[in-house]
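If you read the protein sequences in the order shown, they are chains E and Y.
Note that this note's numbering numbers the first sequence so that position 171 is 171, with each residue one more than the last.
Offset between the second sequence (1-based) and this note's numbering: plus 1000.
Don't read these hints as lab results, they were simulated from the structure.
One thing to keep in mind: the hints can contain errors.
[Stated by the list, open to error] Pairs of lysine to any residue residues, derived as SDA-like cross-links and limited to a Cα-Cα distance of at most 25 Å, are as follows:
| # | chain 1 | residue 1 | chain 2 | residue 2 |
| --- | --- | --- | --- | --- |
| 1 | Y | 1224 | Y | 1081 |
| 2 | Y | 1267 | E | 173 |
| 3 | E | 66 | Y | 1189 |
| 4 | E | 66 | Y | 1440 |
| 5 | Y | 1382 | Y | 1289 |
| 6 | Y | 1345 | Y | 1396 |
| 7 | Y | 1338 | Y | 1189 |
| 8 | Y | 1408 | E | 42 |
| 9 | Y | 1412 | E | 173 |
| 10 | Y | 1408 | Y | 1438 |
[Said to hold, decoys possible] In silico negatives: residues of chain Y with every beta carbon more than 10 Å from chain E:
| # | residue |
| --- | --- |
| 11 | 1068 |
| 12 | 1072 |
| 13 | 1131 |
| 14 | 1139 |
| 15 | 1257 |
| 16 | 1267 |
| 17 | 1300 |
| 18 | 1334 |
| 19 | 1335 |
| 20 | 1414 |
| 21 | 1455 |
| 22 | 1470 |
[Said to hold, decoys possible] Footprint (simulated), chain E over chain Y, 3 or more residues, beta carbon under 8 Å:
| # | stretch |
| --- | --- |
| 23 | 1031-1044 |
| 24 | 1177-1185 |
| 25 | 1348-1362 |
| 26 | 1442-1453 |
| 27 | 1511-1525 |
Nothing here was measured: the structure is a model prediction, and the numbers come from that model.
Note that beta-carbon positions come from the ideal geometry of N, C-alpha and C, so glycine has one too.
For reference, the chains in residue letters:
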Amino acid sequence: MTSSCWHAEFKKLMWAYAGRRIIYAVPIAIGVTVICFGLVFLAPGDPMVNLLPPDASPADAAYLRKLYGFDQPVPVQYAKWLLRAVTGDLGTSLQTGRPVISEVGRALSNTIVISLGAVLLAFSLAFVLGTLAGYYAGRPADRALTAVSVVGVSVPNYWLGMVLIIVFSVELGVLPATGMGSAGSDTFSLFNWEQAKYAILPVITLSMVPLGIIMRNTRAAIAEVLANDFVQTLRAKGLPETMVIRHAVRNAFPQVLAVMGLQFGYLVGGSILIETIFTWPGTGFLLSKAILTRDIPVLQGAILVLAMCFVATNLAVDLLQTAIDPRIRRA
Amino acid sequence: MTAEFVAAAVVLAASTVALPAKAETVLRVAMTAGDIPDWTGQPDQGFEGYRFVGWSLYDALINWDLSRSDVEAGLTPGLAVKWGIDPANNKRWVFELRKDVKFHDDCKLDADLVVWNIQRLIDDKTPGFNPVQYSRHRSRSINVERAEKIDDGKVAIYTKTPDSFLPYNVSVWYMISKCAMEKANFDNALYAKAPAGTGPYKFDKVVPRERLELTKNADYWNPKRVPKHDRLVLIPMPEATTRAAALLAGQVDFIEAPSPDTIPRLKSSGMRVITLPYPHNWHYQLNFVEPPFNDVRVRRAANHALNRAEMVEMLGGIAQEGYATYPPNAKLYGNPVKYEYDPAKATALLKEAGCHPCAITFAISTSGSGQMQPLPMNELVKAQLEAVGFKVKLDVMDWNTLLDVSFKGREKYPQYNGINISRATQDPPNGLLRFVMKQQWSPNGGNWGWYENQEIEDIVAEAMRTFDDEIRDILMTKVHEIASREAIMLFVTHDLNPRALSPRVHGFVQAQSWFQDLTPITIVEGGK
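Let the hints inform the model, and build the full structure from the sequences given.
In structure tokens form, the structure reads like this:
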């Protein structure tokens, strides 16, 4: 087969695979909308009590319930919400009166700032350290590096966040403790140090759990690949160790990539604790406020958008894995 | 010539160095709220919203005098210079408006504008009617029938029944610019981009959920309250440790409610931690229908079981012992029964009531507005009650769920013998009457556990028709004493309203109120 034929065949297979995965994503998305709509109604409490004074009458509560459409049966509310949601209208926040789509969009972009930073930090460190641990599996270097991953997974990140604030903000005074700077998120840029420094502590805190998880997975994958017969063959052929590691990494990468994708999805979902500690106005901060006040439109909209992000991330990872590893494509 | 030129240049350069442009002075406040309070009129986020946003951007016809620490804050003329009941009609209040007051957008305060501001919160046909603010303001507006212009400088407000307490409700009824609303085509979202009040600060900019920035209104009608700093930045920061860290790191200058464990660290770093009694009550509302709290002996036993000094010690001194609905500094305190810590008497009362061991269940929250440190405080109360013969179950829920329990009342939630929701006791209707009047039985009002007492009903009916403040205060004091005698609550503590200030902050006068005036604050760089 010539090179151009191979490329054409590859593209065809990739498109077919991508199309299949996108079609699979549709029922997942519908399932997500049903679950995210239904879940918020299962929680105890009443969204109206946060809008009313403590001694408001039942008539006032009924007035508001009708105004917001909460007096209708849940399936009717769901159908109306879904029809609006497919046009990009996720309703209006009960608490702020602002469109949910703009509330969620702003929060999501803020969370992406720190999750992207955390992803880059965690992925790069975890991949290097995990590869080293896998290569030296069973030896003291492996044990030392594995301890790092155990710490990453075990240390409660809200505690770590507070410790980092105390050390770097309060004691040393080198990094800010909270927020996104004096201009807020409106003009935030990672390329401006005066603003970017606000993201450093949240990024470090957020990166610890994925660092530990990805490192452990990388270690296991590398160690497994290195135990294969083909590695013995490579060594027998006199290939230098750096080349052996390169082959091991290439073989282990698709497996690690899947874990990375999952972790990125979790990070984009925001961390209620970390974003609250750092007063970082992301999706976690938004969700915690919406949960406490039973701001149902915001909850439904935020969960939907985040779930879709998660589905999209997994889809992208699947496609990437397919591009990297022809065995998956053939399967 | 050259020498003169050089000399002139040197003088000019020196003068430039000697007179640098005056830097803008900024006061940055970390609020406990999780979001920026609504800045378009009636705020949300409880009284914190009124404290920082309401009283900064707006005025009411009647304001609160927040200029002193040594007395309980009271009402003072705001956009009305005088007010009183119509001698010929005890359901008609007359307000004489302040002259020459302009809104931040140059709109003029007049009777038409005031009438519109009253009507927009009670009548859904008035342009600018806002259902959320209507609902939020309902407990203040429920007895208001309508407003009417008498002439350009006078307005009448009609109540449905005689209501001597109306001035308290008017005192949180903010006047917004009708011109700004008209410009926004009565669209609240558009108005939010350029709101205008008459308050000591003007709106500058907002980053939703992050910060609200206000600037000094140099033309404020009350020269005593023109801010002594240029800019006020309000930042929602719900986590107490984060607020303390932000203050220590120099990111903010003024924080609300530092937690007790951070106070020693704040003090040792040169921060000023201030506390003052204010009208706050941390208590349990009781169920008067189901046993055992339908028996006054059990209610008294519970009150005698509490070692409030131990509670205050646990809170690091940021509270005072609570023996009645009002704290002792309140003008309506009177001479209530003091339920001293007496475990032997408590046990004896329980035995006399035939409830020993006495099983009770309280609904409590993990956090919430004014709830202080609800989990450890409830645990301590439980331990103290159990030491005298109660068997206490704490049903822990989140704040919204507890509000729902409170809202729907004991009839819907008979499994609870009490609920732990702290309350503001700033004015008699909200601080006292809603807990004791039959008209307020849940779900129609704040009397969660359906307390009923004809003696109180008679006194309150008289008070509503009594327009002499002094006589009415005597009647309210009597109600407070009866409520205490009847042990209508399990009284625990009153918060001391701690806040911590950076050394840069000078001139703040903490008022004995839920509201505070930030305008006297000066910012001194490197200040001690």
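Each hint, compared with the structure:
no. : hint                 : in the structure
1   : 1224(Y) with 1081(Y) : holds, 16 Å
2   : 1267(Y) with 173(E)  : holds, 18 Å
3   : 66(E) with 1189(Y)   : holds, 21 Å
4   : 66(E) with 1440(Y)   : holds, 24 Å
5   : 1382(Y) with 1289(Y) : holds, 22 Å
6   : 1345(Y) with 1396(Y) : violated, 29 Å
7   : 1338(Y) with 1189(Y) : violated, 51 Å
8   : 1408(Y) with 42(E)   : holds, 18 Å
9   : 1412(Y) with 173(E)  : violated, 53 Å
10  : 1408(Y) with 1438(Y) : holds, 15 Å
11  : 1068                 : holds, 28 Å
12  : 1072                 : holds, 22 Å
13  : 1131                 : violated, 5 Å
14  : 1139                 : violated, 4 Å
15  : 1257                 : holds, 15 Å
16  : 1267                 : holds, 14 Å
17  : 1300                 : holds, 26 Å
18  : 1334                 : holds, 24 Å
19  : 1335                 : holds, 28 Å
20  : 1414                 : holds, 17 Å
21  : 1455                 : holds, 22 Å
22  : 1470                 : holds, 27 Å
23  : 1031-1044            : holds (count 4)
24  : 1177-1185            : violated (count 0)
25  : 1348-1362            : violated (count 0)
26  : 1442-1453            : holds (count 4)
27  : 1511-1525            : violated (count 0)
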